[in-house]
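Chains as they are written, first to last, in the numbering used here: chain A, 1 to 449; chain B, 450 to 898.
Just so you know, the hints here were simulated from the structure itself, not pulled from any lab data. Don't take each hint at face value.
Claimed, not checked - Which bits of chain B does chain A cover? Going by a derived footprint, with three or more residues having C-beta under 8 angstroms, they are:
id : stretch
1  : 457 to 467
2  : 472 to 483
3  : 651 to 665
4  : 694 to 700
5  : 840 to 849
As the list claims (entries may be wrong) - Derived lysine to any residue pairs resembling SDA-like cross-links, with alpha carbons at most 20 angstroms apart:
id : chain 1 : residue 1 : chain 2 : residue 2
6  : B       : 632       : A       : 240
7  : A       : 395       : A       : 405
8  : B       : 632       : A       : 432
9  : B       : 632       : A       : 170
10 : B       : 844       : B       : 808
11 : B       : 856       : B       : 726
12 : B       : 881       : B       : 870
13 : A       : 183       : B       : 651
14 : A       : 183       : B       : 619
15 : A       : 432       : A       : 183
16 : B       : 730       : B       : 816
17 : B       : 881       : B       : 726
18 : B       : 632       : A       : 202
19 : B       : 632       : B       : 669
20 : A       : 395       : A       : 432
21 : B       : 632       : A       : 200
22 : A       : 281       : A       : 263
23 : A       : 407       : A       : 393
24 : B       : 856       : B       : 836
From a predicted model like this one, the values you see are computed outputs, not experimental measurements. Glycine residues also receive a C-beta, built at the ideal position from the N, C-alpha and C atoms.
What follows is the residue order along each chain.
Protein chains: 2
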Amino acid sequence: MAAIHTPALLAAGQPRPRNYPANQYAFRAKSHFLYFLGEGLPGAALLFARGTMTLFVVPEQPGDALWTGPRPTLTELATRHGVDSVRSIEDLPAALADAGANVATLPTEDAPSAAWLSDLLGRTVAPSTGNRLEDGTPDAALADALIAMRLTHDQAAIAQLRLAGAASASAHLAAMRATSGAKTEMEVFGALVGHLRSRGFQDSFAPIVSTHGEILHNETYEHALNPGDLLLCDAGAEAPEGWAGDITRVWPVSGHFSDTQRALYEAVLDVQLTAIAACRKGVRYRQVHEVAKRRTVERLRDLGIFRGELDGLLERGAAAVFLPHGVGHLLGLDVHDMEDLGDRAGYAPGRTRSAAFGDCYLRLDRDLQPGMAVTIEPGFYQVPAILSDDAYTGKLGGDLRRDVLAKYADVRGIRIEDDVLVTEGDPEILTKDVPKAPSEVEAIVRGGH
Amino acid sequence: MAAIHTPALLAAGQPRPRNYPANQYAFRAKSHFLYFLGEGLPGAALLFARGTMTLFVVPEQPGDALWTGPRPTLTELATRHGVDSVRSIEDLPAALADAGANVATLPTEDAPSAAWLSDLLGRTVAPSTGNRLEDGTPDAALADALIAMRLTHDQAAIAQLRLAGAASASAHLAAMRATSGAKTEMEVFGALVGHLRSRGFQDSFAPIVSTHGEILHNETYEHALNPGDLLLCDAGAEAPEGWAGDITRVWPVSGHFSDTQRALYEAVLDVQLTAIAACRKGVRYRQVHEVAKRRTVERLRDLGIFRGELDGLLERGAAAVFLPHGVGHLLGLDVHDMEDLGDRAGYAPGRTRSAAFGDCYLRLDRDLQPGMAVTIEPGFYQVPAILSDDAYTGKLGGDLRRDVLAKYADVRGIRIEDDVLVTEGDPEILTKDVPKAPSEVEAIVRGGH
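Pulled out of the complex, with its shape left as it was, chain A reads as follows (with noise of 0.2 angstroms):
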């Protein structure tokens, strides 16, 4: 409230409906609101104006006690979540008259909702605004103070940060374990979905287990799992108060790399371990993605791929050929924290996306400070897409060693990915109970169940 200038109001959202209304996803609340509450209560919102918090809940419906069970009163409400007060969604119009004009506010993902808020206020408000929020607006100073509130953690968050992060792990390495007995992809993603489940967490996003890793954002599990394979699963759980955590791993379903493997993820794990050291305090993100991308060229001139000058390579693109994608991302209480906000959280004022092929894919660009939790999750793919068309590869020429490339077939993905929290010091590892080293990797894969 002292950021802001106007009364604001966030709204938790409605469930959404599967395929008819009554058969619902199972509700998340929008991440704004979960930031002060803890809680998703549906249809909720919060109210801050003339100086205090009100929670406005949806009072009990005719046949609740049957059907969803008892709910607490308004006062229990109230002393459970600490807020000034708790009053029924019915009066929050009247609230709204008297809290006074200019009210902010920021859209919930589901319409109806953006539809309840537009006619709650008096204006239109299109839900997933993003990059859209117009400067010097009342809802874009509510985005810009919840932005400044998010994007440190304070010690609350981080404990819940290493919650998630620790559940992630647990979760990686029930799928690693499960890896040995199983026959498709989808028996080491039901293992995966099971852990996390048994003990109450959710996915932070739909998680991707797969031998086919370069496919970026593969969400099918219908591969069956061969000898030679690599197994990606980049997975997190979700703590109950809603915060994230994100792991990527790659294991040989055999429990053995090969030769060719073992080389490309150890190159991979060096670019990783190079940028995780390099999130330090004051340190520009970009500068981080960077780092990853003279480590991976490198790495792959060591190996042969590539022949040539570093520098002249980057500028040839060669980094985007094989890691086309951002080296990590923001996380909090959303996996990509605030991409509801489009680039407003993830770029400092004044900076915006590179045109670039791959680096237009970076989702952070700001000046690291303590607090502040990000992923690091530099790959190598080779994706068919990309090797197949001179947009990408053209300026490179011959010094993209297609004869040396040929012997690293038998690798189609590889990312490792970890959640790091920036400190005044060392950086704090927040998944590091899943381990990376190979020969450690393929031991807990042998071992099974």
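Mind docking chain B on chain A? Use the hints.
Relative to the frame of chain A, chain B by itself:
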């Protein structure tokens, strides 16, 4: 197309965003779309016009090959799905102009798709029209044609329902086996969900895994499992083509029913078997519901919980005190099949819901026909909000023997549910692979993994 006299457009729908636009729930296409295509394609639509069925799909976008992998070509899709042709969704406006006037449609549950359809067709298409479809309109005619097709299942659909039923049964067995090693509901829930995902199945609805079975739609999993508890599990598999299973079982956490638990369990089981036996060609489903109510009151009278004459007890609302919901519902591509159309599918023309407590929750009142699939799911619940309210129990007075009921305090909720296919002869149980006889249930739970 023979059943309606206008062109028709069926949309698959758009993925539902979770906490930000790119973080989406697993996409599930609208069932009417899946009925024809068997595969959910986000943003796609089927146009029936001039005697042909055309599939319109979102064309490959820049970056797809990198992020989501190569897509099938339009020709490959046409071959796979047996449609007359496949075109880009960008061609749909022109195709609609060519199709003629009065194009019928049914909205998907996501508001953006409803807005898109409104824009395409030049009229307001509201999401979740349900009961509000106006008779005599093209949309109502389309709904009625779909209901006529989907009410009774052909052999291909029956094969899918058997698949979903078997997977649901298998998941219940996994949940029973996981109980002996579990300390909380969520561990059993995790075992159930992991089992389904490992085999390529989704949940047909949010699973209920609860020691508080008296809360009918309890979707939390936080309670500890205590040796004296009954655990109620109501969950179902959704097959890859979208077809649903739906099973409820109840088992003792310890692997041993107490005498009182066993007595009530056997009463509910007897009611269920009686109701299943009533599911024969030509029987009105409302009558099956009445059979279950009468048998419930009779069995509870046998136990001494009620006293007096059956008809009188039923007239005074005795059944709904302990069985406050309908005995079952339609089953198909939706677990409550075609509930997107409100009661238009579940209730035969001219029939409407009862206003009476309990009966008002009955979702189905049609005459059963071979090929119809329904659930049969009677129960017994001690719901404090019902038992403490004279509005529900007042007319029963002392004929509700609270002194006898008090002996059954270790039963909060029991429900036993199977999926039943109506045939020309005896009903076929689609979910028979998971036992329900108390001794068999006990043996599975005690056997553990």
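Hint check results:
Only when three residues or more bring their CB closer than 8 angstroms to a CB of chain A does the claim for the stretch 457 to 467 of chain B stand; here the count is 3, and the claim holds. Counting residues of the stretch 472 to 483 of chain B whose beta carbon lies closer than 8 angstroms to any beta carbon of chain A gives 7, which meets the minimum of three for the stated coverage. Given a C-beta distance limit of less than 8 angstroms, the hint that chain A covers the stretch 651 to 665 of chain B holds, as 5 residues qualify and 3 suffice. For the stretch 694 to 700 of chain B, the stated coverage by chain A is not satisfied: 0 residues place a CB nearer than 8 angstroms to a CB of that chain, which falls below the threshold of 3.
Counting residues of the stretch 840 to 849 of chain B whose beta-carbon sits less than 8 angstroms from any beta-carbon of chain A gives 0, not enough to reach three: the coverage restraint is violated. A distance of roughly 18 angstroms separates the Cα atoms of residue 632(B) and residue 240(A); the hinted pair therefore holds under the 20 angstroms criterion. This hinted pair checks out: residue 395(A) and residue 405(A) have alpha carbons roughly 17 angstroms apart, not beyond 20 angstroms. This hinted pair does not check out: residue 632(B) and residue 432(A) have alpha carbons roughly 27 angstroms apart, beyond 20 angstroms.
Between residue 632(B) and residue 170(A) the CA atoms are separated by roughly 18 angstroms; this keeps the pair inside 20 angstroms, and the hint holds. Between the alpha carbons of residue 844(B) and residue 808(B) the distance comes to roughly 17 angstroms, so the proposed pair stays at or under 20 angstroms and holds. The suggested pairing of residue 856(B) with residue 726(B) is violated, with an alpha-carbon distance near 31 angstroms, which exceeds 20 angstroms. For the proposed pair residue 881(B) and residue 870(B), the alpha carbon gap of about 12 angstroms is at most 20 angstroms, so the pair holds.
Simply put, residue 183(A) and residue 651(B) have alpha-carbon atoms about 19 angstroms apart, close enough for the 20 angstroms limit, and the pair holds. With a C-alpha separation of about 18 angstroms, the suggested pairing of residue 183(A) with residue 619(B) holds against the 20 angstroms cut-off. Our distance criterion of 20 angstroms between C-alpha atoms is broken by residue 432(A) and residue 183(A), whose separation comes to about 28 angstroms. For the proposed pair residue 730(B) and residue 816(B), the alpha carbon gap of about 8 angstroms is at most 20 angstroms, so the pair holds.
Restraint check: the Cα-Cα separation between residue 881(B) and residue 726(B) comes to about 14 angstroms, which is no more than 20 angstroms; the hinted pair holds. A hinted pair counts as satisfied when its Cα atoms are at most 20 angstroms apart, and residue 632(B) with residue 202(A) qualifies at roughly 19 angstroms. With a C-alpha separation of about 15 angstroms, the suggested pair residue 632(B) and residue 669(B) falls inside the 20 angstroms cut-off, and the hint holds. Simply put, residue 395(A) and residue 432(A) have alpha-carbon atoms about 39 angstroms apart, too far for the 20 angstroms limit, and the pair is violated.
Pair hint residue 632(B) plus residue 200(A) holds up; C-alpha atoms about 13 angstroms apart against a cutoff of 20 angstroms. For the given pair, residue 281(A) sits about 32 angstroms from residue 263(A) by alpha-carbon distance, which is inconsistent with the 20 angstroms threshold. Among the hinted pairs, residue 407(A) with residue 393(A) is consistent with the structure: their alpha-carbon atoms are about 18 angstroms apart, no more than 20 angstroms. Note on residue 856(B) and residue 836(B): the hinted pairing holds, with a Cα-Cα distance of about 15 angstroms set against a maximum of 20 angstroms.
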